[in-house]
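Take a look at the letters that make up each chain.
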Amino acid sequence: MQNKITVLIAICCLFLTGCGASNIIEDLAILESVAYDMSESEENPIKTTVLFPTVSKQGKAGTQTLTANGKSSHETFIKIQNLTNLKIVGGQTTILFGEELSKKGLIDIVETFTRDPEVGTRVKFAIVEGKGEELLKKKIHSIPDNAEYLYTFIEKLGKQNKVFNTDKYRFLRDYYDDGIDPVLPVFSYKGENIELKGLGAFKGDQYFTRLTLSESQILNLLSGDIKNGNLMISIHDKESGKNEQLLLSSIKSINDKKVKTRKKNNMTVEVILDLKGSVLEYTGTMNLSEERQQRQFEKQVENYLISNSKKLLTKLQKYHTDPIGIGKLVRNSLTYETWNKMKWDKVYSNLNLKVKVKVNLINTGKSK
Amino acid sequence: MVKKRGINGDYMKERLHPLPLSILIYMIQNGLVLYSLPRLVAEYFGTNGWLSIIFIFVLVNINITMIAVIYKLGKGRSIFEIIEATVPKWVMVPFYLFIIGVWIGMASMNMKAYIFIYKMMFFPTLPASLFIIFFIFLSFQLLRGGIYKMAKAIVVLCAILQPMIFLLFYLIPEFEFARYTTFFFKGETDFFKGTLHVYTAFLGFEVSILFFPMVEKKWTKALFIGNFLSTVVYFLVTFICFGFFSFDQILKDIFPVMTLFEYTEVAFLTRAENLCFSVLAFKILSIIAIYYWGAQQIFENMFKSIKPNFWIFIILASGFILALIPDSLVSVEEWLKWLSYCGIGIAWALPIFVLCILFIQILKNHKETDNAK
Chain A
0 MQNKITVLIA ICCLFLTGCG ASNIIEDLAI LESVAYDMSE SEENPIKTTV LFPTVSKQGK
60 AGTQTLTANG KSSHETFIKI QNLTNLKIVG GQTTILFGEE LSKKGLIDIV ETFTRDPEVG
120 TRVKFAIVEG KGEELLKKKI HSIPDNAEYL YTFIEKLGKQ NKVFNTDKYR FLRDYYDDGI
180 DPVLPVFSYK GENIELKGLG AFKGDQYFTR LTLSESQILN LLSGDIKNGN LMISIHDKES
240 GKNEQLLLSS IKSINDKKVK TRKKNNMTVE VILDLKGSVL EYTGTMNLSE ERQQRQFEKQ
300 VENYLISNSK KLLTKLQKYH TDPIGIGKLV RNSLTYETWN KMKWDKVYSN LNLKVKVKVN
360 LINTGKSK
Chain B
0 MVKKRGINGD YMKERLHPLP LSILIYMIQN GLVLYSLPRL VAEYFGTNGW LSIIFIFVLV
60 NINITMIAVI YKLGKGRSIF EIIEATVPKW VMVPFYLFII GVWIGMASMN MKAYIFIYKM
120 MFFPTLPASL FIIFFIFLSF QLLRGGIYKM AKAIVVLCAI LQPMIFLLFY LIPEFEFARY
180 TTFFFKGETD FFKGTLHVYT AFLGFEVSIL FFPMVEKKWT KALFIGNFLS TVVYFLVTFI
240 CFGFFSFDQI LKDIFPVMTL FEYTEVAFLT RAENLCFSVL AFKILSIIAI YYWGAQQIFE
300 NMFKSIKPNF WIFIILASGF ILALIPDSLV SVEEWLKWLS YCGIGIAWAL PIFVLCILFI
360 QILKNHKETD NAK
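Chains as they are written, first to last, in numbering that gives the first Met the number 0: chain A, 0 to 367; chain B, 0 to 372.
Hints are computed from structural coordinates only; laboratory data are not their basis.
One thing to keep in mind: the hints can contain errors.
Residues on chain B that point at chain A, a partial pick, calculated with CB under 10 Å [unchecked claim]:
#, residue
1, 119
2, 120
3, 183
4, 187
5, 189
6, 215
7, 252
8, 257
Chain B regions said to be covered by chain A (calculated; three or more residues, Cβ under 8 Å) [unchecked claim]:
#, segment
9, 78-87
10, 234-247
11, 259-270
We put the CB at the ideal spot given by N, CA and C, even for glycine.
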């Protein structure tokens, strides 16, 4: 008898916990995407746009956007709350930052997310060329829900290209680390579609420069090992004077970095790439089934990768941004005191960076 | 014939087997600290602070060895018998009351801290008293069963809790050795404070000093195994955190382990931190129950004529009231900090004190036998 009462009380306690706060799905605006921009007013510098799905009484699904200006990201949320009859709650969102705001610095906004347990660590981050607000509000016939489209877009990108896999955790991780800078994908809404423009490289929390898509590919190779990737390159053939297209697929690359810090004024970091892949497309004149020509061709690809890597590294050094994490390697080869005394920013821009590439074509497809 | 355990095969006086005992020790070592442990070691021990877990492990083992030695030298007598053979009971009463106070306080504050974090994460508007009633009620059920049944129940709770640790392996793709840095214990460090803080993560085993009359022979290995299990978990979690987060990121995050579980994404489970933290309630429940049980044992020894159930009510009522007092996470942490310091004091002072008494008794016996000769 006593046991029954015990069980009864325990069950009652359990159910009582549900009475505290209830969230009825029809009364909620579950945020799918939020965009932060700089507003025109000086008093309320932050403009927040939220997008959430709606269902009409006829059962038609759609989306709604609301915008408000405020002094901080949460103040804008309170203002947005006054614009709707629904209760706004966070969801598995994509967070967009306008170009202007990204260039000013994002950490104030991102840090408020870390306080809020509603915002998960896997929330996707991206930059929008122009205004994030415009991208969320843009109506594209083939895309019923911009936010969901973007979320799946970034997820796909992350699978193809590791450096594009950007979320709150990675952004903060690289921001707080002293030897690497974060990156975020850059989208544009100009034209008929939402388009990926490249990768935004940061210095601290400020967006400094945009890397093009082909530069992003090289960055991906230089950043770490790749198990299954693709590489589209166009090689200039000196003989014919034409540009030849080449698509390498099923790329497996091993990335090794060597640091020489003995000479303080002339530190060297060498990136050694060992790349294996198969040819899916080749528009040039070489006969790849012939071994000699294949070796020659491999050399061409190696040269292409070396020269482009060098170009990219020079660009990164020029903008003082280090998304590859070269600083981490240098740091780990120095003592704590030397690293802290060293002005890494200055050292980085004059650092001697070398790239060594070895390309092996595993196969050249089914035909000659 | 089925072999019966216990004293003369008496089921009611069944003795604790070392295996469930080691699980019990593992479960009653402070669970909530785990969630902030990586930050604590980073804050106080600096870069590669995860290594400090090993040093603390050695310290705790010294502490446990003292308990094991007492058991051996005392030949299975309970510590009350040992103490009261030399020191009169009325001298000990204030110390007993202090220990009771600290243990009840630690149990209640652990409970309140858990409830506050739980509320912050999942149910911000839910009254804390409801949770407290729930915990007190469950502890009552556990306490009524006595230590043997408690141990059994805690083993079951452990089986529910333990699979969570495997979720850590899903984080390996994000893991990078370069983040560990080659610097050891550099940065703004404070080893003394750090040792105190990290030591609280291992507290709980000190209650085992009351187990002597209830255990099978050769049980002391269970203490070491239980403590080793805790260390493995602490070590694994802090180690993974240092490779998963960047150093400054750990410093910024109040509960890095929460973030760690937040990031796990398994096909059938996303944001596992909700599940993990909810299941942690079982560990908290074990801790609460064992501290209350310890307090009850001391009370029983002090006033032998009063029924044990009476003490359960007194303890739970005072635990309940204590848990209601602090009204913010900061004040709970302040309470918990001071109570844990007292707890560490008890964990060291009590065995040292009992050891001293034992030596006096042994010396006396020697003299008496010498005189008899």
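The hints, checked one at a time:
Hint status for residue 119 of chain B: holds, given a least beta-carbon distance of 7 Å to chain A, under 10 Å. Annotation: interface hint on residue 120 of chain B holds; nearest CB of chain A at approximately 5 Å, less than 10 Å. With a least beta-carbon distance of about 9 Å to chain A, the hint placing residue 183 of chain B at the interface is held under the 10 Å criterion. For residue 187 of chain B, the interface hint is violated, since its Cβ never comes within 10 Å of a Cβ in chain A; the closest pair sits about 12 Å apart.
Hint on residue 189 of chain B is violated. Least Cβ distance to chain A is approximately 17 Å, over the 10 Å limit. Interface restraint check for residue 215 of chain B: the shortest CB-CB distance to chain A comes to about 29 Å, outside 10 Å, so the restraint is violated. The interface hint given for residue 252 of chain B is met, as the beta carbon of that residue sits about 7 Å from the closest beta carbon of chain A, less than 10 Å. For the restraint placing residue 257 of chain B at the interface with chain A, the shortest Cβ-Cβ distance is roughly 8 Å, inside the 10 Å limit, so the hint holds.
Beta-carbon proximity to chain A at under 8 Å applies to 0 residues in the segment 78-87 of chain B; the threshold of 3 is not reached and the given coverage is violated. Given a C-beta distance limit of less than 8 Å, the hint that chain A covers the segment 234-247 of chain B holds, as 4 residues qualify and 3 suffice. Closer than 8 Å: that is the beta-carbon criterion, and the segment 259-270 of chain B has 5 residues meeting it against chain A, so the requirement of 3 holds.
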